[in-house]
Amino acid sequence: MPNGNALLFGSITALVLACGGSATDPGPGRRVSLALDRNNYSAGGDVSVMITNLTELSLAYPGDFCPVSLQRFDAGSWVTVSGPPSGCALFLGILLGKQSARLVYHLPAELRAGTYRLLLPAPWPERTQPTQADTPQATPEFTVDSKAFPT
206 MPNGNALLFG SITALVLACG GSATDPGPGR RVSLALDRNN YSAGGDVSVM ITNLTELSLA
266 YPGDFCPVSL QRFDAGSWVT VSGPPSGCAL FLGILLGKQS ARLVYHLPAE LRAGTYRLLL
326 PAPWPERTQP TQADTPQATP EFTVDSKAFP T
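Position one of the sequence shown corresponds to residue 206 (this note's numbering), numbered consecutively onward.
Everything labelled a hint here was simulated from the structure, so no lab data went into it.
Everything numeric in this text was worked out from a predicted model, so none of it was measured.
There's no promise every hint is true.
[Unchecked claim] Beta-carbon label-pair distances, calculated as ranges:
#1 ASP350 x LEU259: 28 to 34 Å
#2 ILE299 x GLY232: 15 to 21 Å
#3 PRO233 x GLY319: 24 to 30 Å
#4 THR229 x VAL284: 34 to 40 Å
#5 ALA338 x THR257: 16 to 22 Å
#6 GLY302 x ALA248: 14 to 20 Å
#7 GLY281 x PRO313: 18 to 24 Å
#8 SER253 x ILE299: 18 to 24 Å
#9 GLU261 x VAL284: 26 to 32 Å
Using N, Cα and C, we set each Cβ at its ideal position, and we do this for glycine too.
Let the sequences and hints guide you as you build the complete structure.
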């Protein structure tokens with residue numbers, strides 16, 4: 206006949222494992238979602254990106270999500286039209302589980318009309334190092350028009 210303490214300990218262990226004693230990493234490209242505040246912008250305006258952590262993990266990211274690249278859809282492929290700034294802040298941000306952060310990207314004033322997207326560095330689990338699988342993530346597409354839209 207099993208010892209009562211052993212049975213209780215086994216039951217508690219099984220409960221902790223079944224309830225997810227630790228958060229799991231869904232892997233690169235599935236940790237965060239990127240959403241825009243709207244679909245149309247004017248050159249020189251601001252694009253607001255909401256970055257939402259879809260996991261229970263705390264995720265690290267380079268300060269201000271730097272480097273951010275702007276790409277235009279041109280002749281069937283994405284072309285970088287505005288690369289990252291010459292320098293990025295040397296600090297890491299932390300995005301807690303299920304929380305969001307907002308990034309505001311200022312569009313260059315000389316942009317021509319077209320379809321664009323932003324590339325942001327992908328966050329990685331805190332207390333680890335980013336890997337080659339942590340490739341930049343693209344925002345949804347948006348248009349830049351010659352019409353004036355509020356910024």
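Outcome of the hint check:
no.	hint	in the structure
1	ASP350 x LEU259: 28 to 34 Å	holds, 31 Å
2	ILE299 x GLY232: 15 to 21 Å	holds, 19 Å
3	PRO233 x GLY319: 24 to 30 Å	holds, 28 Å
4	THR229 x VAL284: 34 to 40 Å	holds, 37 Å
5	ALA338 x THR257: 16 to 22 Å	holds, 20 Å
6	GLY302 x ALA248: 14 to 20 Å	violated, 37 Å
7	GLY281 x PRO313: 18 to 24 Å	holds, 23 Å
8	SER253 x ILE299: 18 to 24 Å	holds, 21 Å
9	GLU261 x VAL284: 26 to 32 Å	violated, 37 Å
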